[in-house]
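Following the hints, put chains B, C and D in place on chain A, whose structure we already have.
Protein chains in written order, with this note's numbering: chain A, 1171 to 1559; chain B, 1171 to 1559; chain C, 23 to 392; chain D, 23 to 392.
Derived by calculation from the structure, the hints in this document are not laboratory data. A portion of the hints provided could be inaccurate.
Under the rule of at most 20 Å between Cα atoms (straight-line distance), these lysine to aspartate or glutamate pairs were calculated in the DMTMM-like manner [as the list claims (entries may be wrong)]:
hint : chain 1 : residue 1 : chain 2 : residue 2
1    : B       : K1516     : D       : E145
2    : B       : K1218     : B       : D1383
3    : D       : K157      : D       : E207
4    : C       : K344      : A       : E1494
5    : C       : K344      : C       : D271
6    : B       : K1218     : B       : E1296
7    : B       : K1516     : B       : E1204
8    : A       : K1516     : C       : D180
9    : D       : K124      : D       : E76
10   : A       : K1516     : C       : E209
11   : C       : K124      : C       : E168
12   : B       : K1227     : B       : E1295
13   : D       : K344      : B       : D1501
14   : D       : K344      : D       : D271
15   : D       : K344      : B       : E1178
16   : D       : K157      : D       : E223
17   : C       : K344      : A       : D1501
18   : A       : K1516     : C       : D59
19   : B       : K1351     : B       : D1383
20   : B       : K1516     : D       : D271
21   : B       : K1516     : D       : D119
22   : A       : K1403     : A       : D1350
So these bits of chain A aren't anywhere near chain D, every CB distance computed over 10 Å [as the list claims (entries may be wrong)]:
hint : residue
23   : N1172
24   : W1229
25   : I1490
Rough simulated footprint, nothing fancy, chain A against chain C, three-plus residues with beta-carbon under 8 Å [claimed, not checked]:
hint : segment
26   : 157-163
27   : 208-217
28   : 276-290
29   : 321-329
30   : 336-350
Beta carbons are placed, not taken as given, at the ideal position from N, Cα and C, and that holds for glycine.
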Amino acid sequence: MNYGVPQEQDWDTLSDAAFRAVVRAEVEAHHPAELRYPPRRLRWAENKSWYLRMAAKGWIAPGWPREYGGMGLSASKLLIFLEEMERWGIARFQDHGILMVGPILMRFGTEAQRRRYLPPILACEEIWCQGYSEPNAGSDLANLRTEAKLDGDAFIINGQKTWTTLAHDSTHMIVLARTDKEAKKQSGISFLMLDLKTPGVTVRPIRDLAGHDEFCEVFFDNVRTPATNLVGKLNQGWTVAKSQLGFERIHIGSPKLPEYGLQVLLSVARARGVEHDALFRDRLAQLQLDVAHLGDIYAHFAAIVGRGEALGPEVSLLKIWATETFQRIADLIIETAGEFGGLTGKVQMADGRIEVLAPFYKARPTSIYGGSNEIQRNILARQVLNLPG
Amino acid sequence: MNYGVPQEQDWDTLSDAAFRAVVRAEVEAHHPAELRYPPRRLRWAENKSWYLRMAAKGWIAPGWPREYGGMGLSASKLLIFLEEMERWGIARFQDHGILMVGPILMRFGTEAQRRRYLPPILACEEIWCQGYSEPNAGSDLANLRTEAKLDGDAFIINGQKTWTTLAHDSTHMIVLARTDKEAKKQSGISFLMLDLKTPGVTVRPIRDLAGHDEFCEVFFDNVRTPATNLVGKLNQGWTVAKSQLGFERIHIGSPKLPEYGLQVLLSVARARGVEHDALFRDRLAQLQLDVAHLGDIYAHFAAIVGRGEALGPEVSLLKIWATETFQRIADLIIETAGEFGGLTGKVQMADGRIEVLAPFYKARPTSIYGGSNEIQRNILARQVLNLPG
Amino acid sequence: MSDDTLRMLRDSAADFATLDGARVRRLRGTDPGFERDRWREMGDMGWLGVLIPEAHGGLGLDLGAAVTIAEQLGRALYPEPYSASAVLATLALLHGDNAALKQTLLPRLASGEIVAGLAWQGERGGLDPDQCSVKLRESNGAQQLEGSSRFVSPAAADGYIVAARAAQGLELHWIARSAPGLACEPEARADGSASALLRFEAVGVSADTRVASPAAASAALRLALDHATLSTSAELFGLMDCTLEMTLDYLRTRVQFGKPIGSFQALQHRAVDMYMQKEMTRATLGAAVSSVLDPACTGEQRAVAASSAKARASQAALAICKEALQMHGAIGYTDEYDLGLYFNRALVLSASLGNASAHRSRYASLAALP
Amino acid sequence: MSDDTLRMLRDSAADFATLDGARVRRLRGTDPGFERDRWREMGDMGWLGVLIPEAHGGLGLDLGAAVTIAEQLGRALYPEPYSASAVLATLALLHGDNAALKQTLLPRLASGEIVAGLAWQGERGGLDPDQCSVKLRESNGAQQLEGSSRFVSPAAADGYIVAARAAQGLELHWIARSAPGLACEPEARADGSASALLRFEAVGVSADTRVASPAAASAALRLALDHATLSTSAELFGLMDCTLEMTLDYLRTRVQFGKPIGSFQALQHRAVDMYMQKEMTRATLGAAVSSVLDPACTGEQRAVAASSAKARASQAALAICKEALQMHGAIGYTDEYDLGLYFNRALVLSASLGNASAHRSRYASLAALP
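Next up, chain A with everything else stripped away, as it sits in the complex (with noise of 0.2 Å):
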């Protein structure tokens, strides 16, 4: 069957370099400039002109294999192809469809799952976000409270999400609820599919601390799920949601944001007036070498994604190397800026007008969420250093 738009290209048969330029002339040609290097993530109604072209074009789901509608890209090209949106500034939209939710049904899903929701996922019609994180259980999933028991043909699901990503741009979410209420730890939680729709769900944006709403509270009060949305067994949920954390470390492992970061810093500088002073050139080149290392980390275990093999727990290295580099890099902004360090928003310095803040409040959260680093220095300890319990 059909489940997006048909891939006749086989990218296979480009040379790495032949497909860089394809995808490079694409973005130049036609992502909307004032959408590059957004300052915060950026909501559906602000950059769906350009995934609905990449949908139409069928380049939405760079990383699935072509039978699914994806451009079943090898390991290297998929990384070209993101370099390339990185490279651009070109800023995520709301992509648990495509990097969670569609290799999950793809590896775990009955072939009617798969028919129901790839092809809206692949059309931008159906939106999702992921509900794992709860306010007991944000870096701990043993703590989760989020119940769902079989009623019949359905899951009734009670309880609550948080900290959930652009919930009030989506449609859909995966939810991790409890399953077995006598089972331990991880053990007892299923992995169900969810219309937001549906009654008894309630949706509501959490006004963070830098003024943003890109978080959200989900609140569950009886809300029927059909029994058919369980994917994967009864009570293996954490099998199936652990099966893409690896990726999720890798993604949020990459060297964009320190980068972005990097780029603000240079401008606040040039502002000013300091970007050739000693002092500044010393702790900008620390933190351009703490840059280019992560990179070339990063690279690393790309390489082990792109060999298909499976990352191990060392990745958590990358997420605490990426995300307390992109701090420090915003703690000199702020340092750089001076009083202008004190203004948020858009701020008039020299000729330009720049989003000092944005770094600064957009760092925060990176070494919370995804797991907090704290829990990723427990892993790290206790898996790769094989330190005592």
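Relative to chain A, chains B, C and D alone:
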């Protein structure tokens, strides 16, 4: 009775300024210039001439009451005395007899013990070292393994101490030994005095990684010390020992070492010609602030001691800040020294000779001895911040 | 000033000024961003007049009293511009040499009837008052201000004391907000308050508006700035103390992996580092205030003391707030939790009147090499 | 070069070069500070000739092979001057333009018969080879070297390749240790080895001693320095990897308060920071070597790669060694425990050929602004 040189002068009759002038005059006139700001702990043979002079003047025990042969200084005059010594860069000798044994015997000792032991301490004829640390009980006295068994009129000591400062310059030692193996943690430990010439005692200097030998291991093989050398009650040695720990922590927290570090740092910077560079000045200023603020908080704790009040567990922060500031200074010395940072001993730099690595080596054990900084942080977390165990 | 007076002031400020998060949130982004009624109440309590002589309707106390109040207001995140108006602008006026203006304005400042701002920084900020970019010009026999001044707090003052370069040196002038030729462009700050970019086009001045002549202006301005820098440091201290306390409470009660997270040693040791930064700020702020109160303190020593304290306070407040946020996790990042209010105020106060880096640099240029 | 060759080299170096603490301690402070026999054995293994063409008695391999060996020698704390002689001096000779000298010296370097040093830094150190303070002078028709060079390693080489400023630019000359007019003043380094301060007084040179003419000298010197910088970084990597492993073992086994200290979370998290520094060093060193091996790599790119790796390696090694010492407590500070050997070698290697700060500064001057 007379314990030492009769103390005829009542220092309290002098104003603080007059007293400071007297001390300064003595120091500047008589302290050997080559002993100022030594880069390592001096041996007794090196600084005994100065301290024997102090003993002969009756100035060896500034803090002891006059009736015991001390100068009987008030708290504020004692601070002035110490400030003048530090200002002139006068190194401590192996002064545990003055700083610990004397005060402990005055508080916990018998009159016979005081008559026997105080006079030779005042005359610098008997030099004391402190036997607390053991190979498996550095920061954790609960693990103390050295044992003492009462056998007739003597205790028989077996075991090992380590990290004992200048034991090879000492004639006597205060030994914490386990006298009740059933008791837990700090109970069951007794406080004993020991003549190091007693058969069965072996003192072995430890060469450290800087090539010095200021620390020793001391082994006890059926060593007999008279039962009359028990200070305080049997099994109550921890009570005796801890009465002086607050003093030790405020001493380690003095700005003396960081200030010495700043001196070396500036010499190195001048020899490298970077003392006015913006980059160096910024990093120096941060360290100068760290040292100045150490001085502020040291004054705060010293004032508590000056009022005769007990130091709370908060004083641990002084030790952490002082030692870690010293270490940061030592780091910048190495960094500023460039290729000279790999050379040991006195190094010809520009037109002077500087012991570049001395502060770096000297700074290392400061965060280990006297209760490691990890232990100090545990104390602060539990006892000051009331965080749960 | 006796210890009793200080204790009374602190207690009254602590009682009166408690955190009202709803009020702080409500006032964000509004004009003027604070409450006139509250300001007058602060006047009634005597706080606005602590530095004003009794003859002018104040309490005639000193910097020790001002920092005591500032610390409590920092705890409560008061958006009312205490350091900006009751310390900075008030001291510039008080140490100027226009008796008539003092007579008119000081009692109104003390009572809370009016709010004043001080305009001294150029469009790029910076700590040197001689770099102000407002000029005094003679035009057809009339004297006029020309130029601009930025980071003026509060944006919506009733009037501004403006530092201007004249032929003979610096002068200070009192300019009402409604003065013809004055344009006030508010700029939003991270905590929801605003500072102003003031533009002066032929704003008329005279001997009557002159708060300080060249003989007095520079010294008055520098004294006022150093005092306000210490008062701001005290606000930062109050703020960081509360942030730490809030975080410790959270560590004691929040359970993960079956234990309060405050029992995890890595968090304990980081909490100790926060505590140390806070205590270092307390110690150095206390020492700086004592040294400024010493009658023998020179202007340079005062500047060293102020820079030393502000460098530490700004650095410590940011470090503590960032760690507090990390330890709170997701909840701390939401606007409905009070931590964000402390965090955003810390951003504003640490940047205001010179951030840690600027004060470290001033300290480096003033302090003797070791 | 195939992966198999690399693996074989690594395995043979790892087997042969294991830490012998007694030997390392015994050689400290001695002259020459390493063992001639061991050096010849290293020659027999082919290690000293990895960069020397087969025609000259070497293996004709590349930087990848050299760093592989250097890493293993770093693990074993070999006092033999591998990076100084077999990389730095050897490459300077090889990329010079004196075929006769290559013919004579390269086989003897490859076999381990001789040890060579490179004298290029002035008395103050620094990374710019053009700043060397030895000059080539003409005196009565004879050419002579005058001046001094410092930080020359090993102090006790059989001969030195000396960078000297001549009228037409830089030249390199081969000067035997016994050359009249050459004085060699050893300076003790932290690890018990010595570098030399060489003084040249009318040391005679000629076309025969000229390793590189002005046409080749600067490029040969820079290439040799960048390669040796990477080789030294690899030694540092090996050293820090062992130091971390030793520390992790200690954390797993040393018991305090009834538990292995490695179970305390604060130490765990700090151990993770050590691990991250080590892994970052590995990644950037690998990337730097690849980039230098790329035939398209320019001299400037090579310098950026070398500085990037050395800055990280020096910083990481010192950070890891300091933390290792803190975690070991008293025992680690004693000379009889091997940790001190790693610690002192880290001090020497991190300072040698430019410390982190110097390479960060060179990186800043070469790398593009972001």
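These are the hints, each one checked on the structure:
no., hint, in the structure
1, B:K1516 with D:E145, "16 Å, holds"
2, B:K1218 with B:D1383, "18 Å, holds"
3, D:K157 with D:E207, "19 Å, holds"
4, C:K344 with A:E1494, "12 Å, holds"
5, C:K344 with C:D271, "16 Å, holds"
6, B:K1218 with B:E1296, "12 Å, holds"
7, B:K1516 with B:E1204, "14 Å, holds"
8, A:K1516 with C:D180, "27 Å, violated"
9, D:K124 with D:E76, "12 Å, holds"
10, A:K1516 with C:E209, "10 Å, holds"
11, C:K124 with C:E168, "25 Å, violated"
12, B:K1227 with B:E1295, "15 Å, holds"
13, D:K344 with B:D1501, "10 Å, holds"
14, D:K344 with D:D271, "16 Å, holds"
15, D:K344 with B:E1178, "51 Å, violated"
16, D:K157 with D:E223, "10 Å, holds"
17, C:K344 with A:D1501, "10 Å, holds"
18, A:K1516 with C:D59, "32 Å, violated"
19, B:K1351 with B:D1383, "33 Å, violated"
20, B:K1516 with D:D271, "36 Å, violated"
21, B:K1516 with D:D119, "40 Å, violated"
22, A:K1403 with A:D1350, "13 Å, holds"
23, N1172, "42 Å, holds"
24, W1229, "28 Å, holds"
25, I1490, "7 Å, violated"
26, 157-163, "violated (count 0)"
27, 208-217, "holds (count 5)"
28, 276-290, "holds (count 6)"
29, 321-329, "violated (count 0)"
30, 336-350, "holds (count 4)"
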